[in-house]
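A.B. asks: In case you want the letters, here they are:
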Amino acid sequence: MIALDLYKILKTSDGDLPLDIKLDIKEGEFITIEGHSGAGKTTILKLIAGLIKGDKGKITVDKKEWLNTDKNIFLPPQKRNVGFVFQEYSLFPNMSVYENITFAMEKTHHKNQVNEIIDIMELEKLKDRYPLTLSGGQKQRAALARAIVRKPDILLLDEPLSALDIEMRLKLQDYILKVHRLLNLTTILVSHDISEIFKMSDRVIRLDKGKIIDEGIAHDVYRKNYISGKFRFTGDVLKIEKDEVVSIVSVLIGNNIIKVIAAGEEADDLKPGDKVMVVSKAFNPLIIKL
Amino acid sequence: MNEFQPIILSLELAAITTLILFVVAVPLAYWLAEKDFKLKPVVSALISMPLVLPPTVLGFYLLVAFSPNNFFGSAVENIFNVRLVFSFEGLIIASIIYSLPFMVNPVQAGFENLSPSLKEASYTLGKSKFQTFTKVLLPNIKPSLLTGIVLSFAHTIGEFGIVLMIGGNIPGKTRVASLAIYDEVEAMNYHSANLYALVLFVITFSILLTVYIFNRKYLKLGRL
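Chains as they are written, first to last, in my numbering: chain X, 1 to 290; chain S, 291 to 514.
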């Protein structure tokens, strides 16, 4: 059982923003934190890891106090048994994959423990390679192996997959789920990707401006906002071509350019670069497995 | 034997200076890269002063400071029994100050260019600040360290004005190669001047070449 009570004033470009979070996490739970950038997601992970100091608060992990500002307790990151995977991999370039993983261990570590992790993460073939020679997905696998080799009390994943392409991301999601279950880890993931959140999380925490605005299982949390009979996307206007009566507006949604017909007056307000929402309802789309 | 003495003296001076500079400047560079404080621009400016100041200006002030008639010079003389003016020891201190920016600046840039998450990753893996410094940070700024070492070494070999002011051109003690060249030219002894000049040229060229070869290799492999 992990109890978090975190408070810190974040310095943002819009002025001071208080981050104020209370959260209880069960052992073995997989939690995802989602929210806009600047909402304080990474800060939460770093507060838990002890990489930054909060203004006040408490962190209790299995009845052990990692932080208690009332009692002036602050365990440094070295004394908190966490695994942290960073967005930019952060493998040590001067060490091979194997050395990166054993770096986490004490001198008298058990080879078996390291080998077990290398096995699970399927890094046997890569273990003598150096980070610069690895692909993004391989790096992140090695970074994940390094983070879990000490069997951390909490595994913290700071958007670890956001720099990977979709195929790699799906594979890495499977690896993360595998180690989470196999080692019975308690995991906190920061993610933007709704499909990732549905697939991975037991519970999702939605964060906005330093506060929890919603929490629960993914299906319940997103049903209110996302799940409905209509398609709704936001995108950027790229180009407006005026025709006789209507205008054809090209909108960039994700990586797709979609052409939408707008009636004369509708298009008058628009100019390239505007953010728009494209909505379509009362239709019956096809669903095809890829 | 006497013919090569100035060159040996130059190399000795450069080696000792570089060694001491390394020990002093690496922690200093790390401190400057990590911390932000109000007086930091002042500290940075002071360290970089030798880059722009005429060596004679620095030499003059050091000469005044080192003089046994003044506080610093007399304190050093009383405590360590060393006279800093017109001595090899004085040259070492002057060279350290003079070459400080050549060591501090590249090393500081090296630390600043490292992703902060390397350090954070090491901390979360249970490693102390010192272990992180020696096993993660230092090995990953090797090109910067090498650049710092080589530039300091080469710059110390090449210094002239400050050595002349502090050292006073005493054969076997403070008459380094750069001074010897000047002396030999003054004495119309072009053969010896040419010898010293050529040796200095070859030495400095080879060490700079080594650095560029290493740095190229590092860029390719990401490590040394």
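Among the hints, a few may not be true.
Here are the computed lysine to aspartate or glutamate pairs in the EDC-like style, where the Cα-Cα straight-line distance is at most 20 Å [as the list claims (entries may be wrong)]:
{"#": "1", "chain 1": "X", "residue 1": "K26", "chain 2": "X", "residue 2": "D55"}
{"#": "2", "chain 1": "S", "residue 1": "K325", "chain 2": "S", "residue 2": "E379"}
{"#": "3", "chain 1": "S", "residue 1": "K510", "chain 2": "X", "residue 2": "D16"}
{"#": "4", "chain 1": "S", "residue 1": "K425", "chain 2": "X", "residue 2": "E215"}
{"#": "5", "chain 1": "X", "residue 1": "K53", "chain 2": "S", "residue 2": "E324"}
{"#": "6", "chain 1": "S", "residue 1": "K417", "chain 2": "X", "residue 2": "E241"}
{"#": "7", "chain 1": "S", "residue 1": "K419", "chain 2": "X", "residue 2": "E27"}
{"#": "8", "chain 1": "X", "residue 1": "K209", "chain 2": "X", "residue 2": "D70"}
{"#": "9", "chain 1": "X", "residue 1": "K58", "chain 2": "X", "residue 2": "E106"}
{"#": "10", "chain 1": "S", "residue 1": "K409", "chain 2": "X", "residue 2": "E241"}
{"#": "11", "chain 1": "S", "residue 1": "K419", "chain 2": "X", "residue 2": "D128"}
{"#": "12", "chain 1": "X", "residue 1": "K79", "chain 2": "S", "residue 2": "E410"}
{"#": "13", "chain 1": "X", "residue 1": "K53", "chain 2": "S", "residue 2": "E379"}
{"#": "14", "chain 1": "X", "residue 1": "K211", "chain 2": "X", "residue 2": "E88"}
{"#": "15", "chain 1": "S", "residue 1": "K425", "chain 2": "X", "residue 2": "E241"}
{"#": "16", "chain 1": "X", "residue 1": "K79", "chain 2": "X", "residue 2": "D16"}
{"#": "17", "chain 1": "X", "residue 1": "K46", "chain 2": "S", "residue 2": "E324"}
{"#": "18", "chain 1": "X", "residue 1": "K46", "chain 2": "S", "residue 2": "E379"}
{"#": "19", "chain 1": "X", "residue 1": "K22", "chain 2": "X", "residue 2": "E215"}
{"#": "20", "chain 1": "X", "residue 1": "K64", "chain 2": "X", "residue 2": "E88"}
{"#": "21", "chain 1": "S", "residue 1": "K432", "chain 2": "X", "residue 2": "D268"}
{"#": "22", "chain 1": "X", "residue 1": "K151", "chain 2": "S", "residue 2": "E402"}
{"#": "23", "chain 1": "S", "residue 1": "K417", "chain 2": "X", "residue 2": "D153"}
{"#": "24", "chain 1": "X", "residue 1": "K127", "chain 2": "X", "residue 2": "E99"}
{"#": "25", "chain 1": "S", "residue 1": "K409", "chain 2": "X", "residue 2": "D202"}
{"#": "26", "chain 1": "X", "residue 1": "K111", "chain 2": "X", "residue 2": "D128"}
{"#": "27", "chain 1": "X", "residue 1": "K107", "chain 2": "X", "residue 2": "E88"}
{"#": "28", "chain 1": "X", "residue 1": "K53", "chain 2": "S", "residue 2": "E410"}
{"#": "29", "chain 1": "X", "residue 1": "K178", "chain 2": "X", "residue 2": "E215"}
{"#": "30", "chain 1": "S", "residue 1": "K425", "chain 2": "X", "residue 2": "E106"}
{"#": "31", "chain 1": "X", "residue 1": "K239", "chain 2": "X", "residue 2": "D268"}
{"#": "32", "chain 1": "S", "residue 1": "K417", "chain 2": "X", "residue 2": "E29"}
{"#": "33", "chain 1": "X", "residue 1": "K11", "chain 2": "S", "residue 2": "D326"}
{"#": "34", "chain 1": "X", "residue 1": "K53", "chain 2": "X", "residue 2": "E106"}
{"#": "35", "chain 1": "X", "residue 1": "K151", "chain 2": "X", "residue 2": "E106"}
{"#": "36", "chain 1": "X", "residue 1": "K178", "chain 2": "X", "residue 2": "E29"}
{"#": "37", "chain 1": "S", "residue 1": "K409", "chain 2": "X", "residue 2": "D193"}
{"#": "38", "chain 1": "X", "residue 1": "K178", "chain 2": "X", "residue 2": "D208"}
{"#": "39", "chain 1": "X", "residue 1": "K242", "chain 2": "X", "residue 2": "D193"}
{"#": "40", "chain 1": "X", "residue 1": "K281", "chain 2": "X", "residue 2": "E241"}
For the record, the hints were derived by calculation from the structure and aren't laboratory data.
A.B. asks: Determine for every hint whether it applies to the structure shown.
C.D. replies: Results of checking the hints against the structure:
no.	hint	result
1	X/K26 x X/D55	25 Å, violated
2	S/K325 x S/E379	32 Å, violated
3	S/K510 x X/D16	44 Å, violated
4	S/K425 x X/E215	41 Å, violated
5	X/K53 x S/E324	17 Å, holds
6	S/K417 x X/E241	60 Å, violated
7	S/K419 x X/E27	30 Å, violated
8	X/K209 x X/D70	25 Å, violated
9	X/K58 x X/E106	28 Å, violated
10	S/K409 x X/E241	52 Å, violated
11	S/K419 x X/D128	26 Å, violated
12	X/K79 x S/E410	13 Å, holds
13	X/K53 x S/E379	46 Å, violated
14	X/K211 x X/E88	26 Å, violated
15	S/K425 x X/E241	60 Å, violated
16	X/K79 x X/D16	30 Å, violated
17	X/K46 x S/E324	18 Å, holds
18	X/K46 x S/E379	49 Å, violated
19	X/K22 x X/E215	12 Å, holds
20	X/K64 x X/E88	31 Å, violated
21	S/K432 x X/D268	59 Å, violated
22	X/K151 x S/E402	32 Å, violated
23	S/K417 x X/D153	17 Å, holds
24	X/K127 x X/E99	8 Å, holds
25	S/K409 x X/D202	31 Å, violated
26	X/K111 x X/D128	16 Å, holds
27	X/K107 x X/E88	27 Å, violated
28	X/K53 x S/E410	13 Å, holds
29	X/K178 x X/E215	24 Å, violated
30	S/K425 x X/E106	14 Å, holds
31	X/K239 x X/D268	13 Å, holds
32	S/K417 x X/E29	27 Å, violated
33	X/K11 x S/D326	17 Å, holds
34	X/K53 x X/E106	26 Å, violated
35	X/K151 x X/E106	13 Å, holds
36	X/K178 x X/E29	13 Å, holds
37	S/K409 x X/D193	28 Å, violated
38	X/K178 x X/D208	30 Å, violated
39	X/K242 x X/D193	35 Å, violated
40	X/K281 x X/E241	24 Å, violated
Checked against the numbered hints given earlier, this structure breaks hints 1, 2, 3, 4, 6, 7, 8, 9, 10, 11, 13, 14, 15, 16, 18, 20, 21, 22, 25, 27, 29, 32, 34, 37, 38, 39 and 40; the rest are met.
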